[in-house]
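Colleague: Protein chains in written order, with our numbering: chain A, 3 to 459; chain B, 3 to 459.
Everything hinted at is true.
Copies of the same chain are indistinguishable here, so a pair counts whether it falls within one copy or spans any two.
In the DMTMM-like style, the derived pairs of lysine to aspartate or glutamate whose C-alpha atoms are separated by at most 25 Å in a straight line are:
1) Lys333 / Asp85
2) Lys104 / Asp118
3) Lys366 / Glu309
4) Lys331 / Asp245
5) Lys104 / Asp117
6) Lys366 / Asp306
7) Lys351 / Glu303
Simulated from the structure, these hints should not be mistaken for laboratory data.
All of these numbers come straight from a predicted model, not from anything done at the bench.
Protein chains: 2
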Amino acid sequence: MGSSLSSQSGRLSSSRPDIAEAYRLTASEAMAKIRRGDMTVEEYAQSLLLRIRKRDDVVKAWAYLDPDYVIKQARALDKIPEDKRGPLHGVVIAVKDVIYTKDMPTQHNSPIYRDDHPAIDSNAVAVLREAGALLLGKTTTTEFAATLTGPATTNPHDSSRTPGGSSSGSGAAVGDLQAPVALGTQTGGSTIRPASFNGVYALKPTWNSISREGLKIYALIFDTLGMYARSIDDLVLLADVFDLQDDDESDFAGLRGAKFAVCQTMAWEFAGPGTREALDKAVTLLRGAGATVEELRLPSEFDDLPELHETALFAEGRVNFLAAHRVGKEKLSPFLADHVVNSHGISRKQQLQAFDAMAALRPKIDDIAGQYAAILAPSVPDEAPEGIQSTGNAIFCAIWSALHTPVVNIPGFQGANGMPIGLSLIAPRYRDRHLLKVSKAVGELFEAEGGWKRVPK
Amino acid sequence: MGSSLSSQSGRLSSSRPDIAEAYRLTASEAMAKIRRGDMTVEEYAQSLLLRIRKRDDVVKAWAYLDPDYVIKQARALDKIPEDKRGPLHGVVIAVKDVIYTKDMPTQHNSPIYRDDHPAIDSNAVAVLREAGALLLGKTTTTEFAATLTGPATTNPHDSSRTPGGSSSGSGAAVGDLQAPVALGTQTGGSTIRPASFNGVYALKPTWNSISREGLKIYALIFDTLGMYARSIDDLVLLADVFDLQDDDESDFAGLRGAKFAVCQTMAWEFAGPGTREALDKAVTLLRGAGATVEELRLPSEFDDLPELHETALFAEGRVNFLAAHRVGKEKLSPFLADHVVNSHGISRKQQLQAFDAMAALRPKIDDIAGQYAAILAPSVPDEAPEGIQSTGNAIFCAIWSALHTPVVNIPGFQGANGMPIGLSLIAPRYRDRHLLKVSKAVGELFEAEGGWKRVPK
Numbered sequence: 003m004g005s006s007l008s009s010q011s012g013r014l015s016s017s018r019p020d021i022a023e024a025y026r027l028t029a030s031e032a033m034a035k036i037r038r039g040d041m042t043v044e045e046y047a048q049s050l051l052l053r054i055r056k057r058d059d060v061v062k063a064w065a066y067l068d069p070d071y072v073i074k075q076a077r078a079l080d081k082i083p084e085d086k087r088g089p090l091h092g093v094v095i096a097v098k099d100v101i102y103t104k105d106m107p108t109q110h111n112s113p114i115y116r117d118d119h120p121a122i123d124s125n126a127v128a129v130l131r132e133a134g135a136l137l138l139g140k141t142t143t144t145e146f147a148a149t150l151t152g153p154a155t156t157n158p159h160d161s162s163r164t165p166g167g168s169s170s171g172s173g174a175a176v177g178d179l180q181a182p183v184a185l186g187t188q189t190g191g192s193t194i195r196p197a198s199f200n201g202v203y204a205l206k207p208t209w210n211s212i213s214r215e216g217l218k219i220y221a222l223i224f225d226t227l228g229m230y231a232r233s234i235d236d237l238v239l240l241a242d243v244f245d246l247q248d249d250d251e252s253d254f255a256g257l258r259g260a261k262f263a264v265c266q267t268m269a270w271e272f273a274g275p276g277t278r279e280a281l282d283k284a285v286t287l288l289r290g291a292g293a294t295v296e297e298l299r300l301p302s303e304f305d306d307l308p309e310l311h312e313t314a315l316f317a318e319g320r321v322n323f324l325a326a327h328r329v330g331k332e333k334l335s336p337f338l339a340d341h342v343v344n345s346h347g348i349s350r351k352q353q354l355q356a357f358d359a360m361a362a363l364r365p366k367i368d369d370i371a372g373q374y375a376a377i378l379a380p381s382v383p384d385e386a387p388e389g390i391q392s393t394g395n396a397i398f399c400a401i402w403s404a405l406h407t408p409v410v411n412i413p414g415f416q417g418a419n420g421m422p423i424g425l426s427l428i429a430p431r432y433r434d435r436h437l438l439k440v441s442k443a444v445g446e447l448f449e450a451e452g453g454w455k456r457v458p459k
Numbered sequence: 003m004g005s006s007l008s009s010q011s012g013r014l015s016s017s018r019p020d021i022a023e024a025y026r027l028t029a030s031e032a033m034a035k036i037r038r039g040d041m042t043v044e045e046y047a048q049s050l051l052l053r054i055r056k057r058d059d060v061v062k063a064w065a066y067l068d069p070d071y072v073i074k075q076a077r078a079l080d081k082i083p084e085d086k087r088g089p090l091h092g093v094v095i096a097v098k099d100v101i102y103t104k105d106m107p108t109q110h111n112s113p114i115y116r117d118d119h120p121a122i123d124s125n126a127v128a129v130l131r132e133a134g135a136l137l138l139g140k141t142t143t144t145e146f147a148a149t150l151t152g153p154a155t156t157n158p159h160d161s162s163r164t165p166g167g168s169s170s171g172s173g174a175a176v177g178d179l180q181a182p183v184a185l186g187t188q189t190g191g192s193t194i195r196p197a198s199f200n201g202v203y204a205l206k207p208t209w210n211s212i213s214r215e216g217l218k219i220y221a222l223i224f225d226t227l228g229m230y231a232r233s234i235d236d237l238v239l240l241a242d243v244f245d246l247q248d249d250d251e252s253d254f255a256g257l258r259g260a261k262f263a264v265c266q267t268m269a270w271e272f273a274g275p276g277t278r279e280a281l282d283k284a285v286t287l288l289r290g291a292g293a294t295v296e297e298l299r300l301p302s303e304f305d306d307l308p309e310l311h312e313t314a315l316f317a318e319g320r321v322n323f324l325a326a327h328r329v330g331k332e333k334l335s336p337f338l339a340d341h342v343v344n345s346h347g348i349s350r351k352q353q354l355q356a357f358d359a360m361a362a363l364r365p366k367i368d369d370i371a372g373q374y375a376a377i378l379a380p381s382v383p384d385e386a387p388e389g390i391q392s393t394g395n396a397i398f399c400a401i402w403s404a405l406h407t408p409v410v411n412i413p414g415f416q417g418a419n420g421m422p423i424g425l426s427l428i429a430p431r432y433r434d435r436h437l438l439k440v441s442k443a444v445g446e447l448f449e450a451e452g453g454w455k456r457v458p459k
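Excised from the complex, chain A in its bound form (with noise of 0.2 Å):
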């Protein structure tokens, strides 16, 4: 997908193994290490080169990669001073292929933005590179991030399974130990459904808490930036950039104690063996560390969520996928081409109530999160599916996608072939750090009791 890898330059400067083994940190690890002194910028990212040029074949999680380029971003890192580092000085950061690098070419997976390069970062792009992250690379997404059409990109804990999407590449890259952190996006469940499938954590922030100007459009009201990373400290080194902030300090003191809410949602027909185990497990977890767990059962008026999500998202395609169709109609694909056209025939009202109906839902699930630490639901029906033409099903993620609400994947689980399976926490609107705290502390409990190992190859 346009990378060039084989044109690498630079070698590891160090023999040491703790250094060729980097790329095994997460972000907050390497970050230590270098501000300690123990290991340059360059150095980090000569070790992720070497993992991701001996993983690249088989994973193929890049749209764009050029390994020079990421060696001269290192190197200017490592020349700022000390003083005059930023709060992600050396964190390496993939992104994913519709959201716009000025020095990297942004291209959706689309033949009509083949190497299209248009010099203009993204809002968050551009809060992470004055943070001081290096920026690795552009990752592989579905076109538009809007298709259910797998990229090339296999599951690193299985490459004859799909790695999910939209978010293809960056859930795979940091599943596989590529990049620490990646950037992703959602509209339904393309930030949490390959965080699922691969193994790894992610936030899908409250919608419009971070901005999204620069990311390609599918639905405005839904879309938002998301990202990866395999421990919840990364996640919220970026939130930190990201200026998230809840209104007040969380007061969740750890799981003893505490109360959640385990919910099936209305699209628990859709729950395999592995999503339904994996819950019922983590309830037992749950409990079993002195928390309360309740079941939850969302009032009827949520039951239609799933197709208020669809109808809007469809109504919003056909504006904004507009421009690629009289461009290059020939080009997009037939699923988007009929968004333009109307073909499900939305009418303008249905398409109001959707959006209408979808705004009255959203304070009164923000009413229910609040009355408990999180919300405990599956984050995708089973653990990822074989083959990577479809990239599975995102009817889980999309409840919350439409809701707004923030949700972290936590992995620790597994399904019957032994493949990575996650679980979502859900908590009010604009209550993202909260929802982190509490992440942090699910999150040791289910990658330790949850029978899932991270088996890094």
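Given chain A, work out where chain B should sit, using these hints.
Modeller: For chain B alone, kept in the frame of chain A given last:
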């Protein structure tokens, strides 16, 4: 502002006065003339460029304009075989400088983006270009279309007065016959206010009915692409190309027998004598034409709309100007820096309450507006104020921006100093085509009888 009018190439190839004065035509008239073979696109462009050259020293509507490139585009359009010409063949369009154009800089009137030139087309520009429009240049704006401080642009009807903002250049260019149509944006009153001040028509369509991709973001939930013209027919042309469609064809069959509402709005205390007289006169004219006009007092739950709008606006600015603040705080206006550091102390709770309260009002205004051919309301407090430092008060427009309804500014009235005053017509969401149909009849009446006459200099 970076325009280079002195380097203009080419000359008017005809000495026929009708072509020399082609700049006076509406886009529809110019297109018809071109279609008949009575004028080339190049001749038309030359006429506009001469007009601009004559007037630019006073009006200063342009942030960027390259006459050589305009002529080059015009010649390319003239070479397209007749059967391959697009629906906007030869329509010349000015583009507000917060809207990305791949072949021109986009500078947002921000020193952070001075001479910035990302090679990317906004969705709307791509659609216009593909339809055969000629992009004339970039028009001035307040900083990021988000401050109240005017650029150097003056009102074409009195250079001691503001053309309004934030779409200052687009409003002034169309008012001054420098462009037949122009794109603007509206978050508060940025499209409708300049339309009133410059004596032109403008459509702020239903929120999210035209893709906002490639427009600088101030507030996602309000920002809307707007458009200026000197005739409703021209706005209809654009509505066609942007695929603006209502569910049902309008049943409006002329003013006689039609039922209008006149609504002073909760902001009436801000209305000056010019607007009060205009509204009275408008009602008299409509009744004289056989229409019924009922006084509409919005239910009290609408009273807080201006405050709700401002709360959500500032809260969104906090998010969307974060990158600019990080990259170049010292180059950001204090007004916008205050958004980012939340000087207004807006809590997440207040932000969500504003967001949800506005959402709840939208279906209600649809129901109310649906009972009338249109709601008639003030566009602005009065004629354009003196001075160009402040772009004026947007409160009358912000109401409808918050409610997502389409609005058309209808010119035709004048204030105490002979400056134009327009009035707003409002319809339910996604009744844009109906609103344009009503606006055509109302516009003809107001332009004929309202008292203000366009006096081309």
